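Since chain A is already given, all that's left is putting chain B with the ligands on it; use the hints.
Residue numbers (this note's numbering), protein chains in the order written: chain A, 55 to 339; chain B, 12 to 308.
Since the hints were derived computationally from the structure, they do not count as laboratory data.
A short, non-exhaustive set of chain A residues, derived as facing chain B with CB atoms under 8 Å:
| hint | residue |
| --- | --- |
| 1 | 204 |
| 2 | 206 |
| 3 | 211 |
| 4 | 213 |
| 5 | 214 |
All of these numbers come straight from a predicted model, not from anything done at the bench.
Note that CB positions come from ideal geometry on N, CA and C, so glycine has one too.
In case you want the letters, here they are:
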Amino acid sequence: MSDAAPPSRTGRLTAAVTAFGQMGYNARHRFVRDVRYLGGVGYLVGDTLAWVVRALVFRRVKLGASALASQMVRVGVRSIPIVVLIQVFIGIILALQLAPTLEDYGSLEKVADIIGLAMFRELGPLLSAVVLSGFAGASIAAEIGAMVESEEIKALRAHALNPIRFLVVPRLLATVIMMVGLTVVADVVGVLGGLLTSWLVLDIHPWSYLDNTQVALFYRDFFTGLVKGGVFGVLIAAIACYEGLNVTGGAEGVGRATTSTVVKSIVALIATDCVFTAVFFIFKL
Amino acid sequence: MSGMRVVPEESQKFVISVRQLAKLFADQQGRPVRVLDDITFDVYPGETLVVMGGSGCGKSTLLNCLIGELRPEEGGIFYQTRVMPQPINILDAREEQLNEVRKRFGILFQSGALFNSMTVAENIALPLKEHSYVDPSIIDIVVTLKLQQVHMLPHRDKMPAQLSGGQKKRAGLARATALDPEILFYDEPSAGLDPVTSAAIDELIIDLSKKLSVTSVVVTHEMDSAFRIADRMVMLDRGRVLRIGPRGEFERIRDTAPERLADEDERLIHQFLNGKTEGPLTDAAGMSEYEKWIVTG
Ligand SMILES: Nc1ncnc2c1ncn2[C@@H]1O[C@H](COP(=O)(O)OP(=O)(O)OP(=O)(O)O)[C@@H](O)[C@H]1O
Ligand SMILES: [Mg+2]
Numbered sequence: 055m056s057d058a059a060p061p062s063r064t065g066r067l068t069a070a071v072t073a074f075g076q077m078g079y080n081a082r083h084r085f086v087r088d089v090r091y092l093g094g095v096g097y098l099v100g101d102t103l104a105w106v107v108r109a110l111v112f113r114r115v116k117l118g119a120s121a122l123a124s125q126m127v128r129v130g131v132r133s134i135p136i137v138v139l140i141q142v143f144i145g146i147i148l149a150l151q152l153a154p155t156l157e158d159y160g161s162l163e164k165v166a167d168i169i170g171l172a173m174f175r176e177l178g179p180l181l182s183a184v185v186l187s188g189f190a191g192a193s194i195a196a197e198i199g200a201m202v203e204s205e206e207i208k209a210l211r212a213h214a215l216n217p218i219r220f221l222v223v224p225r226l227l228a229t230v231i232m233m234v235g236l237t238v239v240a241d242v243v244g245v246l247g248g249l250l251t252s253w254l255v256l257d258i259h260p261w262s263y264l265d266n267t268q269v270a271l272f273y274r275d276f277f278t279g280l281v282k283g284g285v286f287g288v289l290i291a292a293i294a295c296y297e298g299l300n301v302t303g304g305a306e307g308v309g310r311a312t313t314s315t316v317v318k319s320i321v322a323l324i325a326t327d328c329v330f331t332a333v334f335f336i337f338k339l
Numbered sequence: 012m013s014g015m016r017v018v019p020e021e022s023q024k025f026v027i028s029v030r031q032l033a034k035l036f037a038d039q040q041g042r043p044v045r046v047l048d049d050i051t052f053d054v055y056p057g058e059t060l061v062v063m064g065g066s067g068c069g070k071s072t073l074l075n076c077l078i079g080e081l082r083p084e085e086g087g088i089f090y091q092t093r094v095m096p097q098p099i100n101i102l103d104a105r106e107e108q109l110n111e112v113r114k115r116f117g118i119l120f121q122s123g124a125l126f127n128s129m130t131v132a133e134n135i136a137l138p139l140k141e142h143s144y145v146d147p148s149i150i151d152i153v154v155t156l157k158l159q160q161v162h163m164l165p166h167r168d169k170m171p172a173q174l175s176g177g178q179k180k181r182a183g184l185a186r187a188t189a190l191d192p193e194i195l196f197y198d199e200p201s202a203g204l205d206p207v208t209s210a211a212i213d214e215l216i217i218d219l220s221k222k223l224s225v226t227s228v229v230v231t232h233e234m235d236s237a238f239r240i241a242d243r244m245v246m247l248d249r250g251r252v253l254r255i256g257p258r259g260e261f262e263r264i265r266d267t268a269p270e271r272l273a274d275e276d277e278r279l280i281h282q283f284l285n286g287k288t289e290g291p292l293t294d295a296a297g298m299s300e301y302e303k304w305i306v307t308g
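The following block holds chain A by itself, in its conformation from the complex (with noise of 0.2 Å):
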């Protein structure tokens, strides 16, 4: 008796129609997997807008002002110099890699707009949401995962307290806050490394510099920045809240939640990102 019969042409077929089944109930598991992932994070966006407006209609309903201030102490406080300085790096970086394609067309003083534009409206939000979601998603992940394997979440809900509203509520508005107000930095910063480049490697004084800035932005690439700086502030915070109340597995558990909303918020940020991009391209804001 022989286990190893030569492959017959039947058997190779049966085999391919097994790999090609098995590969289509891998992608419709996945599928699943991911839809159920974006429904639990849409879930609990939507529970915190609840219990924010709650709070905001019924004066009964307390959120905690001291919770929010400590919360946004703790996430943005700590990302500002980073921000601050990879930001410069980026006015820089953008300043050195157009001078040579400007001067070829002998609009040099162009780099000021396009360095503006490029901050307010794509880099200043994207970068300080990724240095955001390094700093503050992993760490609230972390912080409500070991919450979680420590049975503090069990005790908040056997107290009656909801860890939406305790824990979820203050987190989400802190860090919508600090991102736009990361934003708003990270834009600034990031146009006055232009400036400084330009100034001291170009050879554009520093006024018309600003004149050619101011000249090329309207109020809307601002505002732009700032919206898409407080969507990323919900993305983050949302991941990385629902990868922590997720955690199942112990410490394991709580280090794979942390890498992965790291992981998932940058890939969310930056899909989110192309399609707030294309809808401003196509009602031309």
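Structure of chain B with the ligands alone, referenced to chain A:
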């Protein structure tokens, strides 16, 4: 199952009534396993009910169902508290109703489950701050009182990470009693403690149930502790209620020689209570392991 009666008797005065409860979990292959099956018992006002059973028999699962943390697939869990004389089934209660019930009970979790970002005093103040509308100065007095009750006053401003296991449990107990609950749940209150601390926790449980006339449900497998605190006892085995009765009945089974006990169930309880390695409990388990070994080679 729908035809079955899952409502408690009308005239009975209970605090918790569990009716034909079943909880299913999926195993590795995704097949449902009945971790709890047809669990029915009542808890009466002011008594201390001890839930016992071997590891993995479903005690924690039962407790999680009772506190509304897990949702059983079948049956009912009725609460009847002083503020809510009408029995309500928490399995078809709305979240707000469930929260009203939750405000009437306190839980001591196995590891204390203190909020790690707050001091001991803040932990105890939290439920008071959130669920009562009293002045901060009064909250402070209540916190002091509750800490005094569990002899934790010297540690009031420490963080949970700075406490020992026994201290965490005592702080957790103070928090569980903060809102003067009618019902207290304990998950393995003496697990992992030395005999003296464990006895001290038992004293506290007895004390609280007398002083505050609370109804207590205690999950434990420390037999000394169980016999110290219990008014009645439930023995679970593989997700079913093997026996429920007053403490005296279990003492009789414990102290009678196995060959003079009435049936297999009693011999099993006898073995469990005495912590013997020989008896129906281990026979069954041992046999199946042995069979598996024979079959798989
Ligand atoms: N989330 C879960 N998913 C699948 N099975 C579970 C889950 N939780 C518990 N179980 C199973 O249910 C059974 C009962 O578990 P439970 O934790 O209630 O036991 P226990 O009586 O508290 O045991 P111990 O005394 O060791 O704490 C076990 O066989 C366990 O494997
Ligand atoms: Mg257990």
